Amino acid sequence: MSLLPDFMLFALLGGIGLAIISAPLGVFMVWQRQSYFGATLAHSALLGISVGLYLQIDLTLTVIVVSMIVAAGIFGLGQYKQLSSDTLLGILAHSSLAFGLILISLQDNIQVDLMGYLFGDILSINKVDLTLISFTSLLILAFYIKHWQSLLNVTLNPELAQVEGVNVKQVQLLFVLLLAFMIALSMKIVGVLLVTSLLIIPAAAARRLSSSPEQMLVISIFIGIFSIVAGLFSSYYIDLPTGPAIVMAATFVFLLLQLKPQSTR
Amino acid sequence: MQFSQFRQPLIKAENISHKFDDTTVLQHISLQIFPKEIVTLIGPNGAGKSTLLKILLGLIKPSNGKISKQKNLKIGFMPQKIQIDPTLPMTVRRFLQLGLPNPSLKDWFFKAAYSNTLIEKTTQDLDIADLLNHPIQKVSGGEMQRILLARALIREPQLLVLDEPVQGVDLQGQTEIYDYINKIRNEYGCGILMVSHDLHIVMKHTDEVLCINQHMCCSGHPQNVSKSSEFQALFGDLSESLAFYEHHHNNNACQHTHGLHHHETNELHESNNPKNNVESSNKGSS
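Those protein sequences? They're chains H and Y, same order as listed.
Using my numbering, the first residue of the first sequence is number 561, and each one after it goes up by one.
Using my numbering, the first residue of the second sequence is number 12, and each one after it goes up by one.
Keep in mind that the hints are not guaranteed to be accurate.
30 Å max Cα-Cα, derived DSSO-like pairs, lysine-lysine [unchecked claim]: (1) H/687 with Y/65; (2) Y/30 with Y/72; (3) Y/23 with H/729; (4) Y/132 with H/729; (5) Y/23 with H/706; (6) Y/65 with Y/92; (7) H/729 with Y/82; (8) Y/132 with Y/82.
Treat the hints as calculated values from the structure; they're not laboratory data.
In this text, all values refer to a predicted model and were calculated from it rather than measured experimentally.
Throw the hints in and build the complete structure from the sequences for me.
Rendered as structure tokens:
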């Protein structure tokens with residue numbers, strides 16, 4: 561009956577799920593100029609993999625734990641304004657990557673396919689992954705129902721938000737931890753490249769079509785879903801590598817929307 | 012007014028001192044603000060005005076001293092400047108709505124109607140009603156000041172804290188805003204604390220001027236302050252010229268008194284010098 565093989569169906573469902581959960585995180589990364597944040601967390605997730613291999617415990621668990629520790633670290637260090645967050649993220653990204661590679665090299669008899677983690681394989685999504693994605697989306701939904709307005713106000717101006725009664729540090733920390741959790745989880749499933757692209761590109765593309773934050777969120781969800789579907793099918797029918805095809809689809813939408821003249825209302 | 016001695020202060024700071032690392036920024040500062048009172052904080056750059064403001068707002072914990080606020084004190088805060096990323100699509104109306112407390116689902120409908128009326132009225136009073144549907148990144152500096160003031164006001168605060176409310180506003184606009192602030196005080200009876208370099212216009216409305224330079228230099232009614240010898244020592248020739256003839260102020264005196272913060276000196280000139288203000292706002296609007 562089914563027109564598509566099971567792996568395509570799972571890839572579609574999982575991909576769409578990821579597009580939906582990346583949008584609310586991605587728009588805030590764009591608004592807060594934190595797009596490099598995702599890359600840093602993704603690099604630190606690689607450290608999580610090597611720690612897991614080293615300690616011989618479940619990789620998903622160590623990736624999530626290490627990412628969330630690094631995220632909390634970035635948040636903590638960001639409280640002191642000694643270095644620009646840009647520099648800080650650069651340092652953390654590369655040092656955690658280097659440390660991860662060293663840890664892996666210490667284990668002689670283990671061959672790890674790091675490329676697999678960089679580019680992942682959306683076609684290998686299984687039922688467990690789908691469950692995890694649904695669980696994450698519930699977490700994100702709960703967070704945003706409670707904190708959407710507060711997070712917008714923190715984005716506008718943290719001091720003003722705090723005077724107006726927002727618990728700025730709590731909201732920021734929760735956001736960062738949620739982002740780390742989402743990146744760690746989906747990196748295991750679809751790879752670093754695809755996760756960070758799904759966070760940033762649809763959100764950036766949606767800007768041209770939006771006149772309110774909520775509109776930008778919804779549009780970026782649709783652009784994300786479109787990219788997943790377009791990427792998967794072009795990969796299925798003309799045999800392109802799947803992850804890169806999805807990223808290219810998203811980039812294509814972004815470029816296309818840049819042609820639209822900016823609204824001057 | 013004759014019962015004023017029985018009034019409770021909205022906020023009271025006792026013997027506040029603050030250090031950043033080893034640098035002392037504030038020493039033994041005490042102040043209180045009553046309902047319907049306008050208190051203006053002045054002092055040279057680097058005097059600790061902003062730090063004091065942040066301490067009063069609860070953004071920084073002072074190294075020493077005590078802040079007491081009236082229970083459930085509603086504060087409206089107008090920050091000095093705010094940068095909004097162009098990637099965030101937002102109209103002025105939405106920006107103002109975000110300043111309102113998150114309504115519970117139950118009274119959402121009623122509140123929404125009420126707060127929209129409040130936004131309409133406040134923006135009309137401030138002459139920015141026609142900007143409501145504009146993207147907030149496209150408004151000029153002076154318009155942004157009014158928008159920030161509107162956002163502080165629609166919270167219907169008991170205490171209004173304004174950090175240089177007329178920065179970047181032309182002279183005509185400055186007078187309008189100050190008149191409006193004065194009107195708010197009389198209409199809503201809220202206490203107002205504002206930071207300003209601009210003595211000349213402030214003097215007309217303010218009840219009490221506090222001049223600080225790490226410690227409390229002097230305080231009192233505006234006329235008294237500009238005559239006090241400590242104030243004259245701090246601002247040099249400016250203290251004379253400020254009141255009567257602003258654009259003849261002495262640059263050397265400025266460099267001298269604010270030598271520690273060269274990069275901020277220009278700002279002081281600008282806000283003290285009405286001529287500069289007019290020029291810069293013309294640039295902004297052209």
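Going through the hints against the structure:
Restraint check for residue 687 of chain H and residue 65 of chain Y: not satisfied, since their Cα atoms lie roughly 52 Å apart, outside the 30 Å limit. As the CA atoms of residue 30 of chain Y and residue 72 of chain Y are separated by approximately 10 Å, the hinted pair is consistent with the 30 Å bound. Using a Cα cut-off of 30 Å, the hinted pair residue 23 of chain Y and residue 729 of chain H holds, with the two alpha carbons roughly 26 Å apart. Straight-line distance between C-alpha atoms of residue 132 of chain Y and residue 729 of chain H comes to about 34 Å, which puts the hinted pair past the 30 Å bound.
For the proposed pair residue 23 of chain Y and residue 706 of chain H, the alpha carbon gap of about 33 Å is over 30 Å, so the pair is violated. In summary, the hint linking residue 65 of chain Y to residue 92 of chain Y is supported, as the alpha carbons are separated by about 14 Å, within the 30 Å threshold. About 23 Å separates the Cα atoms of residue 729 of chain H and residue 82 of chain Y, which keeps this hinted pair within 30 Å; it holds. A hinted pair counts as satisfied when its Cα atoms are at most 30 Å apart, and residue 132 of chain Y with residue 82 of chain Y qualifies at roughly 28 Å.
Comparing the model with each earlier hint shows violations of hints 1, 4 and 5; every other hint is respected.
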